[in-house]
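Protein chains in written order, with the working numbering: chain A, 11 to 307; chain D, 17 to 351.
No lab work stands behind these hints: they were computed from the structure. Check the hints yourself; a few may be wrong.
Said to hold, decoys possible - Cβ-Cβ distance ranges computed for the label pairs, FRET-style:
id : chain 1 : residue 1 : chain 2 : residue 2 : range
1  : A       : Gln183    : D       : Cys263    : 34 to 42 Å
2  : D       : Thr46     : A       : Thr240    : 23 to 31 Å
3  : D       : Lys57     : A       : Ser184    : 52 to 60 Å
4  : A       : Glu165    : D       : Thr234    : 56 to 64 Å
As the list claims (entries may be wrong) - If you want a taste of the chain D side facing chain A, the calculated C-beta under 10 Å gives, among others:
id : residue
5  : Arg49
6  : Gln80
7  : Gly152
8  : Ala200
9  : Val201
10 : Lys217
11 : Ile218
12 : Asp222
13 : Ile223
14 : Ile249
15 : Cys251
16 : Gly252
17 : Asp287
18 : Ile333
19 : Cys336
20 : Glu347
Unchecked claim - With a straight-line Cα cutoff of 35 Å, these simulated DSBU-like cross-link-like pairs (lysine-lysine) come out:
id : chain 1 : residue 1 : chain 2 : residue 2
21 : A       : Lys196    : D       : Lys23
22 : D       : Lys24     : A       : Lys192
23 : D       : Lys97     : A       : Lys20
24 : A       : Lys128    : D       : Lys233
25 : A       : Lys176    : D       : Lys231
26 : D       : Lys137    : A       : Lys79
27 : D       : Lys231    : D       : Lys23
28 : A       : Lys79     : D       : Lys225
29 : D       : Lys233    : A       : Lys174
30 : D       : Lys208    : A       : Lys76
31 : A       : Lys40     : D       : Lys57
32 : A       : Lys40     : D       : Lys351
33 : A       : Lys271    : D       : Lys54
34 : D       : Lys151    : A       : Lys76
35 : D       : Lys97     : A       : Lys40
36 : A       : Lys40     : D       : Lys225
37 : D       : Lys57     : A       : Lys196
38 : D       : Lys233    : A       : Lys74
39 : D       : Lys37     : A       : Lys196
40 : A       : Lys196    : D       : Lys231
A virtual CB, placed ideally from N, CA and C, is assigned to each residue, including glycine.
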Amino acid sequence: MEKILRQKAKELLESGAVNVVIGYGWNRSKTRTTPVFITDPAQADTLVWNPLCVNNLSLYLTRKFKEIKALGKPAIVAKGCDIRNIVVLITEGQFKREDVFIIGMTCNGVVYKQELWKGELTANIMPTKCHNCDVRNPHMTDFVVGEKTNFTPPEVPTGMVFDKIKELDSKPQSERWDFWIKEFSKCVKCYACRQVCSLCYCERCITEKNMPQWIETSAHPRGNLSWNLTRAMHLVGRCTFCGECERACPVNIPLNLINQKMIGVVKESFDFKSGYDEKTHPPMIVFSPDDKENFIK
Amino acid sequence: MADKILKKAGLGALIESVTGKGGRFVAPTTDSRQVVFKKVKSAEEVATDYILARNSFKEFLFPQTEVVAEFTMSKDSVDMKGVEVYAPQTVVFGARPCEAASLAGMRALFTWDFIDEFYTKREENTVVVTVACTKGDDACFCTTVNLSPESTEGTDVYLREAADSYIVQAVTEKGKKFVETHAAVFSEGNAKAEPLFMPEKIANIDIAKVSARLKDKTHYDDKVWARLTSKCIGCGACTFVCPTCRCFDIVDEGTAFEGERRKNWDSCQYDTFTLHASGHNPREHQHQRWRNRFMCKFHFYPEKFSSKGCVGCGRCIRVCPVRLDITEVMEEFSK
Ligand code: SF4
Ligand code: SF4
Ligand code: SF4
Ligand code: SF4
Ligand code: SF4
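Just chain A, with the same shape it has in the complex (with noise of 0.2 Å):
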């Protein structure tokens, strides 16, 4: 695939199609992936495609990053669920799908971290979202890298986050509250599950908005509830359980959890999943005089 991959990449940027190749590259020892910007057609080759490929690089396509977007036309190097983000950005008029040619990878799954990765790729280093991956074969593309998948993992691991959601679910109120407030209490107030999130491109987010201040930036449990609960609200119906956000958090608070949850209300209540249809806007941001609750008629 990575021959392949390759290829197009410098067709692409020789035939002057687009100017910029958003991909994965190796860092110097070659133990794990990071983004690179491929500008050179002669630099194509250093382009790869592995289980490692983790991050979801359609952050690089949002308008926080003035300087990717300087450099010109990109093809983005996605997978599946990266493209559902990108979907995402479209049906929230960020950009059009012409701006940006999609290059899908067809993919049996990716590692949940980088530091598990052990030389193998098993159900047990996998993220939930490759569990049950409806988009192995990207739905939305200009461009198709690998042969078609059936792919579906054997022994998918119990205790992931399907599981966790039933459990919490289950206990009485002031536990769920107890289980939050334990878990924000260790929150640092790093920004770094918005900053790694596409979808999440605000330039002005509503932590940085002191006159007033709405969320207070002390890294104290009430400061730290109001932003963590903020930020899941600001991307209910939105938000395609990519993951980064989790991946990204450097005290490992279980944001999947969150995510997945509101998937769960957003689907039961709208019968919606976003990122699959860049025509179809999200329901939080659409009027429909069939809309269930009356309050707004």
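Using the hints provided, position chain D with the ligands relative to the given structure of chain A.
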């Protein structure tokens, strides 16, 4: 001559001895599937199989958030009241030699043009007990910044691991006093130290050259910055786990009538860090912010305080969600 020994089985007694006298005992412990420095109460909580704790122990000297004053306001007056510095006797156990070496730079900053007692008092009451490394990973690069698992800079008591004990070396006066105070848990004996993990020095890096390059301002607009660091997403995680990063922000929080003045960690990697009220931002692009972090480590600190800005612990590399590796930039600037 017999060595001073701390039996591993005697760690619990040491913890009791410290906490019994009202002190806090901070050690690496497993929390949320990772090893972090935390206050512990018993030996069972102390992790033994780890490379470095994910966080640095700086938060026990310089907390993430701290009240430095209280205020009340009325129509025509503001009352400001100082607060007592919280500086309990503290033992940091299980630090690594690299991170212990960060204290000199911390102290230099907090005593530079103003003595920040919130830091100094706490540091004075802290004993750093270092356990030399017997394992490491490919992010460790202490030997490249002229440190090693044998370094004792910043360490008060230096421990080498043996099969069922630690071989104890009191490095500073504070360390000697600590060993005397808790004499009952130490013994005399002979033990064979396990071999140390020595990270290989990264061949193409010369930190003297890096610093010299940074001193010459022509690097400022070098394309290299954007090329190597524009992938940085500005999450600040690297600065939060770094033992030498110590930028903070002062905020007032509360109601219109009363509140607290707090000192919170801040990060030069945030776009708001240098944002002026006018809207102008002198470090508009992420690579410029990253350049600042790098200059802080290899130019400002060595130049201004003759101290190390980077101790090679590799935390920033491990935690970075885009795997931006500071040694790759050091390599580029060694050319
Ligand atoms: S969720 Fe699907 S497309 Fe995404 S990494 Fe996992 S298997 Fe690949
Ligand atoms: S999983 Fe996290 S990073 Fe991904 S879209 Fe949802 S909130 Fe953003
Ligand atoms: S990444 Fe984690 S620690 Fe940082 S702000 Fe988000 S939840 Fe808090
Ligand atoms: S810059 Fe990185 S390697 Fe250097 S001291 Fe800080 S965290 Fe450790
Ligand atoms: S951890 Fe990495 S991405 Fe985050 S601010 Fe530091 S260098 Fe940038």
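Quiz item: Holds or violated: is there a CB of chain A closer than 10 Å to the CB of aspartate 287/D?
Solution: 8 Å, holds
Quiz prompt | Hint status (Cβ of isoleucine 249/D to nearest Cβ of chain A, threshold 10 Å) | solution = At about 5 Å, which falls below the 10 Å cut-off, the nearest Cβ of chain A leaves the hint on isoleucine 249/D intact, so it holds.
Exercise. Answer holds if the nearest beta-carbon of chain A is closer than 10 Å to that of glutamine 80/D; otherwise answer violated.
Key: Holds - the Cβ of glutamine 80/D comes within 10 Å of chain A, reaching about 4 Å at its closest.
Exercise. Closer than 10 Å between Cβ atoms is the bar; does isoleucine 218/D clear it against chain A? Give me holds or violated.
Key: Constraint on isoleucine 218/D satisfied, holds at 9 Å.
Quiz item: Between lysine 151/D and lysine 76/A, is the straight-line Cα distance small enough, at 35 Å or below?
Solution: 41 Å, violated
Exercise. Could you grab the alpha-carbon distance between lysine 97/D and lysine 20/A and see if it respects the 35 Å cut-off?
Key: 65 Å, violated
Exercise. Would you check the hint for lysine 233/D and lysine 174/A, treating anything up to 35 Å between C-alpha atoms as holding?
Key: Outside the cut-off at roughly 53 Å; violated.
Quiz prompt | Interface restraint verdict for cysteine 251/D against chain A (beta-carbon cut-off 10 Å) | solution = Because about 4 Å separates cysteine 251/D from the closest Cβ in chain A, which is inside the 10 Å limit, the hint holds.
Exercise. With a cut-off of 35 Å on the C-alpha distance, tell me whether lysine 40/A and lysine 225/D pass.
Key: Since the Cα atoms of lysine 40/A and lysine 225/D sit roughly 25 Å apart, the hinted pair holds (cutoff 35 Å).
Quiz item: Has the given pair, lysine 40/A with lysine 57/D, been kept, meaning a C-alpha gap of at most 35 Å?
Solution: Cα-Cα ~41 Å, so violated.
Quiz item: Given a hinted range of 34 to 42 Å, is it respected by the beta-carbon distance of glutamine 183/A and cysteine 263/D?
Solution: 39 Å, holds
Self-check item: Hinted contact valine 201/D with chain A - closest CB pair below 10 Å
Solution: With Cβ-Cβ at 31 Å, over 10 Å, it is violated.
In terms of the numbered hints stated before, the structure departs from hints 3, 7, 8, 9, 10, 12, 13, 23, 24, 25, 26, 27, 29, 30, 31, 34, 35, 40, listed from lowest to highest.
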